[in-house]
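Undergrad: Could you slot chains B, C and D onto chain A? The hints should help.
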Amino acid sequence: MARFTTLSAAVAELIRDGDVVALEGFTHLIPFAAGHEIIRQGRRDLTLVRMTPDIIYDQLIGMGCARKMIFSWAGNPGAGSLHRFRDAVEHAVPHLLEIEEHSHAGMAARYQAGASGLPFGILRGYAGTDLATITPTIGWITCPFTGENLAAVPALRPDVGVICAQQADRDGNVMLWGITGVQKEAVLSSKHSIVLVEEIVDSFSPRTNGVVLPAWVVDAIAVVPSGPYPSYAQDYSERASSFYTYWEPISRDRGAFLEWMDQHVLATTNHAGFLESLDRELVVETHG
Amino acid sequence: MARFTTLSAAVAELIRDGDVVALEGFTHLIPFAAGHEIIRQGRRDLTLVRMTPDIIYDQLIGMGCARKMIFSWAGNPGAGSLHRFRDAVEHAVPHLLEIEEHSHAGMAARYQAGASGLPFGILRGYAGTDLATITPTIGWITCPFTGENLAAVPALRPDVGVICAQQADRDGNVMLWGITGVQKEAVLSSKHSIVLVEEIVDSFSPRTNGVVLPAWVVDAIAVVPSGPYPSYAQDYSERASSFYTYWEPISRDRGAFLEWMDQHVLATTNHAGFLESLDRELVVETHG
Amino acid sequence: MAEPGATSAVDTWTSDEMMTVAAARELTNGTVCFVGIGLPSTAANLARTTSAPDVVLIYESGCIGSKPDHLPPSIGDGVLARTADAVVAVPEIFAYWLQSGRVDVGFLGAAQVDRRGNINTTVVGDYHSPTVRLPGAGGAPEIATSCGRVIITLRHNPRALVEKLDFVTSVGHGDDPDARRRLGLPGAGPQTIITDLGVLRYDRVVNEFVLTSVHPGVEVANVVQATGWRLLVAETVAQTVAPTGDELSALRRFAGS
Amino acid sequence: MAEPGATSAVDTWTSDEMMTVAAARELTNGTVCFVGIGLPSTAANLARTTSAPDVVLIYESGCIGSKPDHLPPSIGDGVLARTADAVVAVPEIFAYWLQSGRVDVGFLGAAQVDRRGNINTTVVGDYHSPTVRLPGAGGAPEIATSCGRVIITLRHNPRALVEKLDFVTSVGHGDDPDARRRLGLPGAGPQTIITDLGVLRYDRVVNEFVLTSVHPGVEVANVVQATGWRLLVAETVAQTVAPTGDELSALRRFAGS
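Chains as they are written, first to last, in the numbering used here: chain A, 1 to 288; chain B, 1 to 288; chain C, 1 to 257; chain D, 1 to 257.
Bear in mind the hints are in silico, worked out from the structure with no lab data behind them.
Keep in mind that a hint or two might mislead.
Derived list of chain C stretches under chain A, where covered just means 3 residues or more per stretch with a C-beta under 8 Å from a C-beta of chain A [as the list claims (entries may be wrong)]:
| # | region |
| --- | --- |
| 1 | 81 to 95 |
| 2 | 100 to 108 |
| 3 | 140 to 152 |
Just so it is clear, the structure is predicted and the values come from calculations on it, not from any experiment.
Virtual Cβ for every residue (Gly too), placed ideally from N, Cα, C.
For reference, chain A alone in the conformation it holds in the complex (with noise of 0.2 Å):
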């Protein structure tokens, strides 16, 4: 049953050293603010799950947090490459860094698998390709009916889910609408979850693409405002491109990286003082 706490007190309880943790979101509401967190609170040896890790991811990675990577497209959206991830790909810096890939069609599979509480699910994909050599996860069937052979995949069931949400009301229910990804299926399929909302409301409206989950499917609700960012909440911000082609040269550069984490993130102590800490163009324009 869902609990009201704060960011920071869900990460310290929720996510432990160790565990696969799903920060999910695709390109909108991207649980940007949690990933700083699990940061600033030092997690190591994470197995990090998700369809199209970005920026976040790739400071994690930076940051020395995690000992694998499960996903299917790893860049930064109409920026550029993920320079931490390929650091840590090409030359292990700032160590070895497992990989496991799949296609988006195979991870939302997996996802979908996870909270039907099925042990796999099915697609006609990967024949034919080197992902099905070098991925251990993918598997084959041969329907029963007509013979045909298909590609099989295992449930993802993560320790831990995380989202961003537009709202919660009172009672703990989560309400997110727009382009919704497979944040359902990654709570649904995780032990646990820490869903981060724009704002508590008394009652929710209908809203196209509107996804409700109930309070008693969610472990942890924090009131983080603009916790996506630079991605958005629909209806509350724009999503702040300009971030991702500012990032493009810190990243690169291995220092440069080390010196912004250290300002914008460790040196401060919640998502607020994060933005605070940014340049006001950087912010204002998208994130009011």
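TA: Quick look at chains B, C and D alone, frame taken from chain A:
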């Protein structure tokens, strides 16, 4: 691409003798008017697919339109049996009805597989039941990762899917909301689709559990106010529960059934005529 | 079992009301409950409006956390969607909410039940030439598979509680105490059968349902006689607490409005 | 290819603009198109705002029928959801919309492509010790599997159009004309490669991509030299019609706004 037409023209064009037809609806938004039109046009040898066949399927069976039914729960919800269905199965009246029965979870998985372009779906179910013995479309599959044995069911791919929705916009996009059952899957798994709507609107509003089907996955749209009667369209009408109890003694007696069908369906030319033919108190409280 | 409260019992109630009240008392606060049509829906809503306000009702029509103010005649009435915390598609309710193991209690009715809680809702007589064709499986097989535990409710007579089912629609405990594990059924299966005469509870050691409680005015012998198999009776058979005035007025207000 | 219209070409445009315009011309009205980030999104929206107003754009973020009024920098910007006919969850977009075979055209970029339209977006060098780690598969393998046909766009140079891929992320035509059937890939696979130098089309008989068109100012020899395999050249190589003024102004307005 959706064309606006009449229900009668849509049935004449898209539904043929011998077709596999799914008129879906889960208590809410049941396409009664479409079933009546199929009866008026005298279709034969249909395979009727539906999770919850109710009065309208009973009427199609009693009028001799069906060769086979694929289903998971056949009853008059809250009121009793489907007597025409029972007469067909117990006494081959008006003729033998072939049946293929599943559980709800199995039918849902079959529709999902159809909508997903997969040959089969999987679920944890059927193990130890006699359903697995008498239904040839239940198979078994072993998880390649855990060795768990799961049930497999073949995809449903009806020739025609028929649903009711609340609204279409002028471009032929369709919106339904509230309890939406497996209607999205029924349309997306079928080769062709017919949608009955309450009205055409300039634009859609966000709704709780709002489902929009883009115009290009729909074949025909017919405006049929109260098309689901005695079922309902949320925010347009209420379920006419009294009709379901009123129907019980009529359907019990084959003579009374045929007389009623003659008077209210065959002797009327469309759904408006059908509604007018009924005693006013059956209709007016729930469907204005 | 929830405390029936301090209000004194009233004299006049039907055996169906007793059955509903007894079923409602099985639900404690916070229980997530998969609710079928008819008595289960009435019992779950009675619990919600009396002893267990935070019970969560899930309907197979896709409504999660419905809080209807009157008894809906079907599992898909508008009031269930309008009062729900969330409404989802039917494939989702079975995959993400039931099969996932998120539901604590499933309520099932039955045309026939056997001593191991296996259920028939498909046919009376031979499948291919039935005496009575019943509605069929609906959600029951997977409710019996995946819920934490199952409560069965039905009217007590020898044609309903039978020595041998005509058809196994939903599995209770199969033929032996190990059957569920062997078949890969994750839930604990049926634990309680509540009838209009009394309450039977599953005893794993003997692998069958045992009479543990009779409703007021019912003798143990009545129940044994109304059962189609040689019913085992607990050493001490309790008398079910009669419906309290609070329970009855809530039930009647809810069902009548 | 859509008619470029009667407006006369203008003199100054970049080779990337030519590539985008050529890609946009591949889309006819009503085409359902699965759109990736970057050039594909630009090209599809250019088509939508010029020659093919009824092209349907599907983004893997779950947006169906988006009609953005400016070029979104990512595939998940708010403008895509706000202007969509429908927004669905990501598992649904891959299962119900892509895998189901409902998409006519998939656009793919590539770090490396070979003569049979197989694509690498995973690594340069050895997988376990890569020279360059690329973003990975994303939606590409199943776009290549299930779309009616695939259009590949990339900048033309010998490190991109290669004799042998370092890694097969997405299958084009495998090793032989029968590979797709044998692997169970229902779509027709890549039919067109559009680069900043010209257009290559898949020829089933020779089972490889053949140069069929060069962009204005490009010689066939330039293209052959910029290709990492021995490029086959069609008997008659057309010259791509230069971007029209209408196309360029729409492209610049859209990308710049």
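Undergrad: Determine which of the earlier numbered hints do not hold for this structure and return their numbers in increasing order.
TA: 3
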